[in-house]
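S.K.: Mind docking chain B on chain A? Use the hints.
Chains A and B supply the protein sequences, listed in that same order.
All letters in the first sequence, in the order written, are residues 24 to 418 by our numbering.
All letters in the second sequence, in the order written, are residues 24 to 418 by our numbering.
There may be inaccurate statements among the hints.
In this list, chains with the same sequence are indistinguishable; a pair is considered to hold if it fits within one copy or across any two.
Here are the simulated lysine to any residue pairs, SDA-like style, with alpha carbons at most 25 angstroms apart [unchecked claim]:
id	residue 1	residue 2
1	K265	I220
2	K260	A221
3	K181	Y196
4	K74	P337
5	K260	T198
6	K265	I109
FYI, nobody ran anything at the bench for these hints, they're computed from the structure.
Number of protein chains: 2
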Amino acid sequence: MKNIILSLLALSAVIGADAQEALWGGQQIISPEVGSDGRVTFRFLAPAADKVEVTGDFLPTQRIDTPYGTFDAPGVAAMTRSEQGIWEYTSEPLPSELYNYSVIVDGLRTTDPNNVYLVRDIASLTNIFIVGGERGDMYSVRDVAHGTVSRCWYASPKLGMERRLTVYTPAGYETSDKRYPVLYLLHGMGGDEEAWIALGRTAQIMDNLIASGRAEEMIVVMTNGNADQQAAPGESKEGLYKPTTQLPHTMEGSFEQSFPDVIAFIDGNYRTVAAKEARAIAGLSMGGFHSLHISRTMPDTFDYVGLFSAAVMPRDNAPAFYDDIDATLEQQRDNGLKLYWIACGNTDFLWQTNLDFCKKLDRMGFPYTFRESDGGHIWRNWRIYLSEFAPQLFK
Amino acid sequence: MKNIILSLLALSAVIGADAQEALWGGQQIISPEVGSDGRVTFRFLAPAADKVEVTGDFLPTQRIDTPYGTFDAPGVAAMTRSEQGIWEYTSEPLPSELYNYSVIVDGLRTTDPNNVYLVRDIASLTNIFIVGGERGDMYSVRDVAHGTVSRCWYASPKLGMERRLTVYTPAGYETSDKRYPVLYLLHGMGGDEEAWIALGRTAQIMDNLIASGRAEEMIVVMTNGNADQQAAPGESKEGLYKPTTQLPHTMEGSFEQSFPDVIAFIDGNYRTVAAKEARAIAGLSMGGFHSLHISRTMPDTFDYVGLFSAAVMPRDNAPAFYDDIDATLEQQRDNGLKLYWIACGNTDFLWQTNLDFCKKLDRMGFPYTFRESDGGHIWRNWRIYLSEFAPQLFK
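Here chain A stands alone, though its shape is the one from the complex:
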């Protein structure tokens, strides 16, 4: 009788899967398989398909011409069909990195059912994999002490709503009496408070940097920069709606001006060092824009500012919040700060914008550091920038 129960228990798990597999095509496939030489093999069961391809940022980009200009898009590689109806593709040896990919079956883009690791970027889900080595290891969960990641809600009187944010506290926070400096880390257009933790691998990067002594212990606060939104899609009372790429109500000063609400919540509820020398703010693209304009209008608040592939200047006829850019930057310069770090990829469509902004800072005598990287407006760069920016903070 005991054996029957245990057998049933064990079988219930197996049979649940077996029954599904009998129904749905019987997949016990390893995909992707990362070889020790960095070659990665993708496998996809599709006996009835005429053509199966894999696409992702591990393949050389292709240039796409559009009426708006020429853009980089991920490459596409044909997979080869075996007799069992399994399609397969093995890559060239890949440098250590976190990559994403999708599968295209007879023209239809889908995810790999043998890989449960997915990230959402705006409205698209893609699978991810990591090729180990220096950079891939930085983005991996390793055998080190781990911080805590919390999703909290804070009150924003300025925006008139409760809003969600993500907080990383370093290993040992719960059991120490110490106070910690804070990095505020802001997402780009289409992102939200999940972007830096999911696509940016912030928890892994911070765990690994801190464990190896390269970065100081710090709290990292990942906000939602879309002023109309309480929370990421699916995490608010709006329900399980389809995210869109529509321009959110933002970059018109409202999120920036509500930022004191974020700082008040964090300083009020975490053991922070509530002082300029213990605060950093950084962001990618729109989040870089926010970081620029928040820090210049709160010129005694942040000793460290990071602009990652940042948008810089507001639109024409922007609200009065953007009227005194030069004067507030001069005030920020005069107050002094320890690091103003501007990073951009040299094929980014915002490259020239960032060069122009540097010239403006040069004219002002505003000290900054410029970090040129390869590549464009992509998460690979933003993970690299975070990995390089965080070690420069709070020393």
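M.R.: Chain B only, in chain A's frame:
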């Protein structure tokens, strides 16, 4: 110039998607669409497919005969092709509930690319949707105060490793000075510390029960019950491996005997009421088994025990930990407790096991409450059980 930058910024998001859509088949499809009458329409673009079906727990189950017995599996419905190559299916009006589904394209099971909301159950990803109304609303993020959900790591000297767990603290925890009771909530075989929060909708259920005054404010701790495992797949140093349905190293006493490590971490790091009358333990399937055996061997620790579709008895030749079941249950009975709540679906393969266990408790004069439900060994029931169990705690 400013206009150009903003346009580019806006377009970069749109073009990123457009370029992908030009490459991958141009989908601007709403799926699923939940009608006000509870009918749900699924849409799937697949011009080249011969047959597209939808399957999920919103369809009547089908019985499947296997060498191990007869089991329920989700039903399958054929979708109909339109001239544009979009396949469509509209359901009957569905009762309010959270449902899951997948799409089957020419025999290949896949997810719906127009729905970014997925849950992982062991190694399978399925899409979810909610039909509003009493039960669906309970599982939805509503316009109420929200608790915090944290992923933390605790030291388990007994298991010799750092391990991950998920903690829900109710709204107001951060700003109050109060101490809170704790519900320990345990997953089933194949699950981990993500199961109750993702599949069980614990944060939404607790937020909604507490906001409506039906449940007391409490902390909910969701552990990882697989003694070999530090953390859920992808969240440990094991990397991004493929989860399997293999029987984990568990149900042999090790996790149960390490449970004091969990309680020590929670009582040491959260503002708890560290007392029997303020502790509950509950779990589903294997987690019910764990709850039974933890609570009987720590008979002065929990005033509330919940067994949801629980496995009950250990295997033959089980370790000595399981030797004194009757004596320890008698001790637990003699110490007294406020609620011993056993819930099971009447088509569950563990139904008879649970009836037998009730008879055993009857013979012992061990007071308990039995809750029969429809249905089998499924998440739908476990969400219902949590929604009914939590309001009975700490009154």
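S.K.: Hint by hint, note whether the structure agrees.
M.R.: Outcome of the hint check:
no.: 1; hint: K265 - I220; in the structure: both (21 angstroms within a copy, 21 angstroms between copies)
no.: 2; hint: K260 - A221; in the structure: both (22 angstroms within a copy, 17 angstroms between copies)
no.: 3; hint: K181 - Y196; in the structure: between (30 angstroms within a copy, 23 angstroms between copies)
no.: 4; hint: K74 - P337; in the structure: neither (46 angstroms within a copy, 50 angstroms between copies)
no.: 5; hint: K260 - T198; in the structure: between (35 angstroms within a copy, 23 angstroms between copies)
no.: 6; hint: K265 - I109; in the structure: between (32 angstroms within a copy, 18 angstroms between copies)
Going down the numbered hints, you'll see the structure goes against just number 4.
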